[in-house]
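**Q** Chains as they are written, first to last, in UniProt numbering: chain A, 1 to 646; chain B, 1 to 646.
Don't read these hints as lab results, they were simulated from the structure. Some hints could be false.
In this list, chains with the same sequence are indistinguishable; a pair is considered to hold if it fits within one copy or across any two.
Stated by the list, open to error - The list that follows gives simulated cross-link-like pairs (lysine to any residue, SDA-like), each with its CA atoms no further than 25 Å apart:
hint : residue 1 : residue 2
1    : Lys431    : Gly20
2    : Lys463    : Gln273
3    : Lys429    : Val61
4    : Lys152    : Ile494
5    : Lys42     : Val295
6    : Lys538    : Pro487
7    : Lys42     : Pro360
Quick caveat: nothing in here was measured; it's all calculated off a predicted structure.
Protein chains: 2
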Amino acid sequence: MEKLKEYVSVKDEDHFYHQGAVELLIFNFLLILTILTIWLFKNHRFRFLHETGGAMLYGLVMGLIIRYVTKSPDVESGTIYECEKLKSGPSTLLINITNQVYEYQYKREISHHNVNGHQGNAMLQKMTFDPSIFFNILLPPIIFHAGYSLKKRHFFRNLGSILTYAFLGTAISCIVIGLIMYGFVKAMVHIGQLKQWEFHFTDCLFFGSLMSATDPVTVLAIFHELNVDTDLYTLLFGESVLNDAVAIVLTHSISIYSPKENPNAFDAAAFFQSVGNFLGIFAGSFAMGSSYAVVTALISFMHLTKFTKLCEFPMLETGLFFLLSWSAFLSAEAAGLTGIVAVLFCGVTQAHYTYNNLSPDSKMRTKQLFEFMNFLAENVIFCYMGLALFTFQNHIFNPLFIFGALVAVFVARASNIYPLSFLLNLGRKQKIPWNFQHMMMFSGLRGAIAFALAIRDTESQPKQMMFSTALLMVFFTVWVFGGGTTPMLTWLQIRVGIDPDEDLNVKAASQSASNLDKNTTKAESAWLFRIWYGFDHKYLKPLLTHTGPPLTSTLPEWCHPVARLLTSPSAYGDQLKDGDAVYIINNDELTENYESSAHIPVPAQDSTGSLQATGKEDIQEGDIGLGGYKLQLQQTAGQPQKNSLA
Amino acid sequence: MEKLKEYVSVKDEDHFYHQGAVELLIFNFLLILTILTIWLFKNHRFRFLHETGGAMLYGLVMGLIIRYVTKSPDVESGTIYECEKLKSGPSTLLINITNQVYEYQYKREISHHNVNGHQGNAMLQKMTFDPSIFFNILLPPIIFHAGYSLKKRHFFRNLGSILTYAFLGTAISCIVIGLIMYGFVKAMVHIGQLKQWEFHFTDCLFFGSLMSATDPVTVLAIFHELNVDTDLYTLLFGESVLNDAVAIVLTHSISIYSPKENPNAFDAAAFFQSVGNFLGIFAGSFAMGSSYAVVTALISFMHLTKFTKLCEFPMLETGLFFLLSWSAFLSAEAAGLTGIVAVLFCGVTQAHYTYNNLSPDSKMRTKQLFEFMNFLAENVIFCYMGLALFTFQNHIFNPLFIFGALVAVFVARASNIYPLSFLLNLGRKQKIPWNFQHMMMFSGLRGAIAFALAIRDTESQPKQMMFSTALLMVFFTVWVFGGGTTPMLTWLQIRVGIDPDEDLNVKAASQSASNLDKNTTKAESAWLFRIWYGFDHKYLKPLLTHTGPPLTSTLPEWCHPVARLLTSPSAYGDQLKDGDAVYIINNDELTENYESSAHIPVPAQDSTGSLQATGKEDIQEGDIGLGGYKLQLQQTAGQPQKNSLA
C-alpha cells in the first residue's frame with residue numbers, strides 16, 4: 001500500500017518534469033522554425049517581413065493552438081479558499097489536506113477580478129513565464145551585446161546628438177504620450193468606459209515612459225545588412241540603446257512617485273524625489289557597470305603581463321569575462337539599481353579596455369559567445385511576444401485606448417525627432433538632413449523593452465490594459481514599420497552599401513562639395529570628447545590595457561616609480577609605434593584631420609594619412625564591429641579558419 | 001491609500017527580484033573564485049587538490065556562511081494549516097487572507113517529519129534549487145559534450161570491453177552494493193537504529209544503482225592533461241560515460257519496480273517488467289537521440305549541397321545544431337524516456353555525421369560553445385554539491401550506513417573491474433594489464449550523476465539518508481582519489497605524455513616485442529565493428545555527409561537514379577581520393593594493418609602507410625579531440641587564429 005502511494009507520487013513527479021520539457025520543446029520548435037525561416041528569407045533576399053516579425057507570427061500561431069487545443073484539467077484551481085488564521089501571505093505555505101502535508105510557494109498577490117476560468121490551465125500558466133526571467137535572463141545578453149559591439153568611433157563623433165535624443169527625447173516622448181493618453185482616458189471616463197479613480201495621470205506617464213523605449217533589433221538588423229549610411233546607423237543605434245536604459249530607469253522612477261495626498265495633484269517634493277531617484281539610479285548603475293569592467297580589465301591585464309598567461313587558457317579567460325559581466329548586472333539588481341543600465345555600460349567599457357587584453361582566441365570566443373546568446377535571446381523574446389497574445393490570461397483590449405496609444409506614439413515620436421533635430425542642426429557642423437529625420441521618425445519601433453516593462457506588473461486593470469495595448473503596438477510597429485524599412489530607405493533615397501571604414505573620408509569629401517558652411521562653431525561634444533580622449537589615451541588605456549604609450553611617458557616625473565610598476569612590458573616595445581599616435585593626438589588629430597579633408601575636395605595625401613591613422617586607431621581600440629551578425633558571418637565564412645584536428 | 005498599497009506591493013516585488021539576483025551572484029562569485037583557483041593551480045602545476053575538489057570546497061565554505069549567518073525571518077512558514085475543503089493538492093491555490101487573494105503554486109508533498117525550523121529560511125530555500133534544474137539544464141551539456149568529444153577510433157577499438165564494463169559492470173556493482181547495504185540495514189534494525197519497515201531490499205538496490213554511476217570529470221581531466229596511455233583513457237572514459245546512462249535508466253527502472261504483495265519478496269512479473277522497462281527506455285532513448293542527430297545531419301547536408309549555403313551563416317547553423325540537440329533531450333523527457341541517454345547518443349551521432357557537414361567556422365563555434373557550456377555546468381554542479389552539505393535542510397547522517405556505503409562501494413568496484421577484466425582478457429588480443437586494472441579500480445569516483453539521482457527524491461527518511469550518504473561519498477572520493485590520481489599513476493608506472501595519434505603504431509610495435517601470442521582469435525567486437533564500419537562507410541556516410549564514396553558507386557545498379565539525387569556534388573570530386581579508402585576497407589584495413597605491424601617489429605613502409613590511412617580517416621571522420629579543454633586550448637593558443645576586425 002505504502003509502496004503504491006510512493007509509486008503514484010513518483011509518477012506525479014515525473015509528470016511535472018515532463019511538463020517542463022514539453023514547454024521548452026515548444027520554444028525550441030518555434031526557434032528552429034524561426035531559424036529555418038531566417039535562412040529562407042536570407043536566401044531569397046526577402047525583406048518585407050523581417051525575421052523578428054516571422055518569429056512573432058510563429059509564436060502567435062502556437063499560442064492560438066495552445067489556447068484552444070489544451071484544456072483545463074484542474075477544476076479546483078479556480079476556487080478561492082478562506083483562511084482566517086493567517087494575517088499576511090507567508091513565502092511558503094504548508095497545508096494539511098486529508099492527512100497529507102503539501103508545500104505551496106508564494107507566487108503573487110492576485111486581484112479578485114483576475115480569478116477567472118483559465119487560471120487552472122497548467123499549460124497556459126507555464127507558458128506565460130515569470131517576468132523576472134525577461135529581466136534576469138533574456139534582456140542582459142541583448143543589452144550587453146549592444147554595448148560590446150558599439151562602433152565607438154562613430155558613436156563618439158555623434159555623442160552629443162545621441163545623448164540629446166536619448167535623454168531629452170525620451171523625456172519629451174514620455175510626457176507627450178502621458179498627456180495624450182490622459183486626454184483619451186478622460187474621454188473614456190466621459191463615455192463611461194472607465195471609472196475615474198482607476199487611471200491617474202501618473203499611470204498615463206507610466207505608460208508613456210514604457211512606450212518610449214524604442215527597439216534596436218529589427219530596423220538595425222536591416223540597416224546593417226544593407227550597410228546603410230554609417231551616421232544614420234550610429235544615430236539610431238545609439239539612440240535606441242541608450243533610450244532603453246533611460247526608459248527603464250524612468251519607468252521605475254515614475255512607478256515609485258507617490259504624492260502624499262491627491263494622486264492627481266502635483267506634489268513638488270515627490271516629483272523632485274523621483275528626479276533625484278532617476279539621476280541616482282542612472283549614475284549608480286553606470287558606476288557599477290563600468291567598475292566591473294575595469295576589474296575585468298585589471299585581472300586580464302595582470303594575468304597577461306605581471307603574473308602569468310591567463311591567455312594560454314582562453315576558456316578560463318572567456319569564463320571570467322562572462323561571469324564578471326553578468327555579475328555587474330546582478331550586483332546592480334541586488335543593490336537596488338538597474339541591472340540593464342549597468343550591463344550596457346559594462347559592455348561598452350569591456351569593449352574599450354578588456355577586449356585589448358584578451359588573447360586572439362578569447363577575442364573570437366567572447367565575440368561569438370555573446371553574438372550567439374544575443375541571437376537566441378532575441379528570438380526567444382519575439383516568439384514569446386507572439387505567444388503572449390493568446391496565452392496571457394487577463395488581456396483587456398479597449399479600442400479607444402489602443403487608438404489613443406497609436407496616435408500618442410506617433411505624435412510623441414514626431415515631437416521628439418523633428419524639434420530636437422532642428423536644435424541639434426543649429427550646433428552640428430554636419431547637419432542631420434531631412435531624409436535622415438524622416439527615417440528616424442519611421443524607425444521608432446517598439447519591442448522587447450516596452451513589452452518587458454509592461455509585463456512586469458499586470459495586476460490592476462489599468463496595468464492589464466496597458467500591457468495589452470503595448471503588445472499590440474509592438475505587433476503593429478514590427479510588422480508594418482519593420483517590413484516597410486527597405487521600401488522606405490529607397491523612397492527617402494538614403495545611401496546603402498557603404499563600407500563603414502571608408503565612410504569617414506567619403507563623407508568628409510562629399511560634405512566639402514555640397515555643404516560649404518565650414519565656419520560653424522565646433523560642436524560641444526567634440527570639445528568634451530577631446531578632453532576625455534586625451535585623458536583616456538594617456539592614463540586609463542596604459543593602466544588598464546597594454547596599448548597606448550607607457551605611463552612613464554605620460555605621468556609627471558615624480559610618479560615614475562609607480563608608473564613603471566603599472567606598465568606592461570609590451571607597452572615599452574610599442575613606444576616608438578605609439579610615439580606618432582601621441583603626436584597625432586597632441587596635434588588635435590580628430591578635428592584637424594576632419595577639417596583639412598573638408599577643405600580640399602579630394603586631398604590625396606591627407607586622405608591616405610587619415611585612412612592610415614583611423615585604421616590604426618581601429619586596431620588599437622579593438623573595435624569589434626557592428627551589432628548584427630550577418631556581415632560578420634559572411635566575412636568570416638570568406639576566410640575560413642584552419643580547424644585543428646586534435 | 002490604494003496608491004500606498006500599490007507602492008508596498010511594488011516594493012515587495014522588487015524584493016523578490018533582488019533575492020534572485022543575490023543567489024545568482026553567490027554562484028557567480030563561487031565560479032569566479034573557482035576559475036581563479038584553476039588558473040593558479042595550472043600555473044603552479046599543483047595537482048593534489050583538483051579544481052573540482054576546489055569548487056566543492058568553496059561551495060562548502062559558502063554554505064557554512066549562508067547557514068549560520070542568514071536568519072529565518074518568516075515565522076509563519078513553519079506552521080501547518082488545516083484545510084478541510086480540499087481533497088487533493090491542486091496545482092494552484094488561491095487563498096483569501098484578510099480580503100487579499102494570494103496565489104500559491106504547488107511545490108511538493110512534504111512529510112510531517114520534514115517540517116522543521118529551517119523551512120522558513122528563504123535564503124536557504126532558494127539556494128537549494130529544484131532537482132529538475134540539474135536534469136534539464138546542467139547535466140545535458142556535460143553529457144552531450146562527452147558524446148560529442150568521444151575519440152571514436154579508440155572507442156570502437158575497445159567497444160566490447162567498454163560495453164561489458166558499462167552494462168554488466170554496472171549491474172554487478174548495483175547488486176553488490178544493494179546486498180551489502182541490505183546487510184548493514186539488517187544490522188541497523190538489529191541494534192535499533194532503524195525500523196524494519198522503512199528500508200526494503202528495493203531501496204537498497206535503488207541506492208546501489210545510483211551509487212554505481214561513476215564520474216567522468218575529475219580523473220579524466222587529469223588523465224587528459226597528462227596525456228595518459230590512450231587505451232586506459234578510452235576504457236575509463238567510455239565506461240564512465242556509458243555507465244552514467246545505464247545507471248540513470250537502472251535507477252528509474254528500480255524505482256518503478258513495485259511487487260504487488262510483500263515488498264521484500266521477489267515478484268517475477270514485476271521484475272521482468274522492470275527489465276523490459278530498462279531495455280525499452282534505453283533503446284527508445286538511443287533511437288530518439290540518434291534520429292535527432294540524423295535530422296540535423298540531413299538539414300545541414302541539404303543546406304550545404306542541394307539548396308543553398310547555410311554554412312554562409314554559421315550563426316544559424318550553430319543555432320540549429322544547438323537547438324536540435326537540446327530538442328533530442330527534451331523530446332526524450334517529454335516521451336517518458338531518459339533525456340540524458342538520448343543526448344549522449346545524439347552527441348556521438350552529431351560528431352560522426354553532422355560535424356562533417358558544418359562549415360569550418362561552425363565546427364569551431366559548436367566545439368567552443370559546447371566546451372564552454374560543459375565547463376560552466378561542471379563547475380556549477382561541483383560548487384552546488386559543496387553548498388548542499390550545509391544548505392540542504394533534511395540531512396540524516398547515520399555513521400553505520402555511511403560506513404556500510406564506503407565498504408559497499410569498494411567491494412562493488414572491485415567485483416566489477418577485476419572479474420570482468422579477467423574475462424575480457426580471455427578474448428582480447430591486447431590484454432588489459434594489472435596496472436590498468438588497479439588504476440580503473442582507483443578511478444571509481446562518484447560525482448554529479450550520483451548526486452543528481454539522489455537529490456531527485458528526498459522525501460522519505462530512507463531517501464534522505466541515502467542522499468546524505470551519497471553526498472559524503474562524493475566528497476570523499478573526489479578529494480581523496482581525485483587528489484591521489486597523479487601519485488597513483490606514478491606508483492603504478494603508467495605511461496604519460498603520449499601523443500594519441502601515434503599511439504596506435506607505437507603500441508602495436510611494442511606489443512609485437514613483448515606479447516607474442518598472435519594467434520588468439522579475433523575479438524567479437526572487431527568483427528561486429530567491421531560490419532558496422534562497412535555499412536556506415538558505404539551507405540550512411542554518403543547519405544548524411546559529403547565525405548566517403550558517392551552512393552552511385554556503393555549502391556546496386558537499379559538504385560542509381562535515387563543515389564544520384566542523394567549524393568553531394570562534392571563527393572564526386574573526391575571519388576578518386578576515396579577510391580583507395582574503399583580499397584583499404586575492402587582489404588580489411590583495420591585488422592590487416594594492425595596484424596601486419598604486430599608481426600614485424602618496426603615495419604617502416606607499412607607503418608607509414610597505416611599512419612597515412614589513420615590520419616586520413618581522422619579527417620574524414622571529423623574526429624574532434626578528447627573531452628578536456630586544456631590540451632585543446634594550449635594547442636589553439638599556439639596557433640592563434642587571425643582575428644578579423646570588422
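**Q** If you check each hint against the structure, which ones fail?
**A** As far as the earlier hints go, 1, 3, 6 are violated by this structure, in ascending order.
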